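Chains as they are written, first to last, in our numbering: chain A, 1 to 304; chain B, 1001 to 1304.
Simulated from the structure, these hints should not be mistaken for laboratory data. Note that the structure is a prediction, hence the values are computed from the model and not measured. There may be inaccurate statements among the hints.
To be verified - DEER-style ranges, computed between Cβ atoms:
| no. | chain 1 | residue 1 | chain 2 | residue 2 | range |
| --- | --- | --- | --- | --- | --- |
| 1 | B | Lys1051 | A | Phe254 | 34 to 40 Å |
| 2 | B | Asn1299 | A | Leu291 | 48 to 54 Å |
| 3 | B | Asn1189 | A | Trp37 | 56 to 62 Å |
| 4 | A | Leu14 | B | Lys1033 | 15 to 21 Å |
| 5 | B | Ser1115 | A | Asn278 | 32 to 38 Å |
| 6 | A | Ala225 | B | Asn1299 | 23 to 29 Å |
| 7 | A | Asn278 | B | Leu1078 | 27 to 33 Å |
| 8 | A | Asp4 | B | Asn1189 | 56 to 62 Å |
| 9 | B | Pro1040 | A | Ile7 | 18 to 24 Å |
Said to hold, decoys possible - Residues of chain B placed beyond 10 Å of chain A at every Cβ, according to the derived structure:
| no. | residue |
| --- | --- |
| 10 | Lys1224 |
| 11 | Glu1263 |
| 12 | Asn1299 |
Heads up, the beta-carbon is just placed ideally off N, CA and C, and yes, glycines get one too.
2 protein chains.
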Amino acid sequence: MTIDKEIIADWFKLLQNDICRQLEQEDGAGKFKEDLWERPGGGGGKTRIMKDGQIIEKGGVNFSAVYGKMPEKISDALQLENGEFFATGVSIVIHPHNPYIPIIHMNVRYFETLSSSSSKWWFGGGIDLTPHYVNPAEAGYFHKQLKSVCDQHDQDFYPEFKKWADDYFYIRHREETRGIGGVFFDHLNGERNKSKEELFEFVKDLANAFAPTYRRFMKENRRKAFTEKEKQWQYLRRGRYVEFNLVYDRGTKFGLDTSGRTESILMSLPSTASWEYNHHPKKGSKEEETLKYLKKGINWLDHD
Amino acid sequence: MTIDKEIIADWFKLLQNDICRQLEQEDGAGKFKEDLWERPGGGGGKTRIMKDGQIIEKGGVNFSAVYGKMPEKISDALQLENGEFFATGVSIVIHPHNPYIPIIHMNVRYFETLSSSSSKWWFGGGIDLTPHYVNPAEAGYFHKQLKSVCDQHDQDFYPEFKKWADDYFYIRHREETRGIGGVFFDHLNGERNKSKEELFEFVKDLANAFAPTYRRFMKENRRKAFTEKEKQWQYLRRGRYVEFNLVYDRGTKFGLDTSGRTESILMSLPSTASWEYNHHPKKGSKEEETLKYLKKGINWLDHD
Chain A
1 MTIDKEIIAD WFKLLQNDIC RQLEQEDGAG KFKEDLWERP GGGGGKTRIM
51 KDGQIIEKGG VNFSAVYGKM PEKISDALQL ENGEFFATGV SIVIHPHNPY
101 IPIIHMNVRY FETLSSSSSK WWFGGGIDLT PHYVNPAEAG YFHKQLKSVC
151 DQHDQDFYPE FKKWADDYFY IRHREETRGI GGVFFDHLNG ERNKSKEELF
201 EFVKDLANAF APTYRRFMKE NRRKAFTEKE KQWQYLRRGR YVEFNLVYDR
251 GTKFGLDTSG RTESILMSLP STASWEYNHH PKKGSKEEET LKYLKKGINW
301 LDHD
Chain B
1001 MTIDKEIIAD WFKLLQNDIC RQLEQEDGAG KFKEDLWERP GGGGGKTRIM
1051 KDGQIIEKGG VNFSAVYGKM PEKISDALQL ENGEFFATGV SIVIHPHNPY
1101 IPIIHMNVRY FETLSSSSSK WWFGGGIDLT PHYVNPAEAG YFHKQLKSVC
1151 DQHDQDFYPE FKKWADDYFY IRHREETRGI GGVFFDHLNG ERNKSKEELF
1201 EFVKDLANAF APTYRRFMKE NRRKAFTEKE KQWQYLRRGR YVEFNLVYDR
1251 GTKFGLDTSG RTESILMSLP STASWEYNHH PKKGSKEEET LKYLKKGINW
1301 LDHD
């Protein structure tokens, strides 16, 4: 028996529910508000946004399942013949109030295409962490959680997907990574000697690791005191997050290009962000220390 | 006698000086700080930034003159053979404190390419205005100033370049213009039955109209009272400005792509910007009124 796309989409819906429930529980006050939307060409989504919770300043946990005739921009980008497509996924970005709690992002997605001559399917996704202040022990913990999920499915996954995240979440014009990375993968399909069922199990396990991992960061850092100066630094780091998402992020560009639902796509942008011309943190400051960690190729497993 | 590129670059340098002097005079307190930079492949620039003046919250008036072997991204984008290039220009973005003073942008530039089989030159540029609150009389005044400069050179310029600005300064994913437009042009060369001298005179006259036009907006609105709510609206409008610059602006993308000086390019971003999920101003509010004006094809000359 092979799983079909409805089963995957249904699981993603349940995932959205579960993650929203867990984040609300950990926040203790904020609630997600839901907007249902429909896509003129077929399908739609549920956008869920939390604003001004106790811990979460702005967070989005979005589900969508869209289908229909493949937009030309998609067939061109994927170098596919024209035909039908189906895409479903969950996308999450959380911006906390406290600069000592990191920004987190997760996306898991499933794609199917059908043209006159062929049909394809694949999974994609990733989880990455963007601390305003890098805490190496926390980064080590985060990467160990991801590695542990990956290793249960394939020993090659963590090293490969960790490198992929380093390369993907990179702000080229700043020569810095967005944060401390995580895992990123795309076009995961049968070519990897894994069945669709096996890959789906991997995606499920990874997605299920999101909430407990982030809850730990919420719990441990929620009472950390911070100054106005640290808040300013958070705004500058968020400015870099905006730069990455608007200049490089393929999902964002793709969504905006293909007339996706703009408000759902741009929920990833923070409430407030800042830019300061030629800002350089003081030598020896915590801020300078953080910049040193925004590099590709750091083995975070060594940190704890 | 034909003018050569050094004469144009020198004039742009003087333009930068003059505009900085006039903006400092009108601001009354803020001063531009200068950074000189060099481009590894040839040439460089003078970046001048004002921060926290009395009127100007953040402003950049940048000069550059760069040359050398044409980067592949440039020859590809311009569909030119590989060869040498020379580019000089002045770029300005001013973000004021007071939400009743508009954001303004100007760019004037000159480009030359030389390959084994041909040489080309052209001027490009534009001025456009982004009010946080659209004041139709002010928009009318702005467009009349631009039309008056254009008409002295060619009766077709204003209508053509006004439409070009409407199309260029357009945030497609929001279905709204960045502001009330202005003029925009590119690839102005001898094909327009104008000599290089004549086109240069047009560019000079346009660039010289920048400072007096913006000074009027500074002077007239500097004492207007505003509330915290109006400041929040300004931050949201700045968010759209960031979206335009990072997602669509060719100069920005090009600069980031070709490893230009990132800090000089991104001086266009405001000190602070905000995003709010699915924000819709109240019916009948000033904010809603402004959104109605952010459309292509408005004849602002009718407003005064």
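A quick look at each hint next to the structure:
no. : hint                                : verdict
1   : B:Lys1051 with A:Phe254: 34 to 40 Å : 36 Å, holds
2   : B:Asn1299 with A:Leu291: 48 to 54 Å : 50 Å, holds
3   : B:Asn1189 with A:Trp37: 56 to 62 Å  : 47 Å, violated
4   : A:Leu14 with B:Lys1033: 15 to 21 Å  : 55 Å, violated
5   : B:Ser1115 with A:Asn278: 32 to 38 Å : 36 Å, holds
6   : A:Ala225 with B:Asn1299: 23 to 29 Å : 56 Å, violated
7   : A:Asn278 with B:Leu1078: 27 to 33 Å : 30 Å, holds
8   : A:Asp4 with B:Asn1189: 56 to 62 Å   : 58 Å, holds
9   : B:Pro1040 with A:Ile7: 18 to 24 Å   : 54 Å, violated
10  : Lys1224                             : 24 Å, holds
11  : Glu1263                             : 5 Å, violated
12  : Asn1299                             : 28 Å, holds
Going down the numbered hints, you'll see the structure goes against 3, 4, 6, 9, 11, while the others check out.
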